[in-house]
Amino acid sequence: MEARHMKYMLLLWGDEKPWAEAGPEERERLYAEHGRFNELLASRDAARGGEELALSSSATTVRKRDGETLLTDGPFAETVEQLGGFYLVEAKDLDEALEFAKACPSDVVEVRPVVEYQG
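Just remember that our numbering sits 1 ahead of the position in the sequence shown, which is counted from 1.
Source of the hints: derived by calculation from the structure; they are not laboratory data. Treat the hints with caution; some may be incorrect.
As the list claims (entries may be wrong) - For each label pair, taking beta carbons as the anchor points, the in silico distance ranges come out as:
no., residue 1, residue 2, range
1, 74, 19, 18 to 24 Å
2, 7, 54, 19 to 25 Å
3, 25, 67, 14 to 20 Å
The C-beta atom is built at its ideal place from N, Cα and C for all residues, glycine as well.
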């Protein structure tokens, strides 16, 4: 097993409307694609976690300002693309993490290094 050096989050962004309107067959097709992607990550000993997120309409945003706490229904930002899930992977470098992102079946994948603290 080769040594891994860094964890990366693959943040999956997309338009929720097609997913919300997808029928059972389309959802099964997409789940199968993600299943194959999980198999790829497992075969490379890179999978460290991941989850699908509920639609952004189920989100609650907590904002703290000047000692006050404000709760708002909905996501932090109103955008066409919403965060729909993530994979946590371990890769030897950014290039390998980008390889994984390119193989991911999501339309938009943001790759961010995880800051790991020793202590």
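Practice item. Sort out which numbered hints this structure fails and list those numbers smallest first. Key: 3
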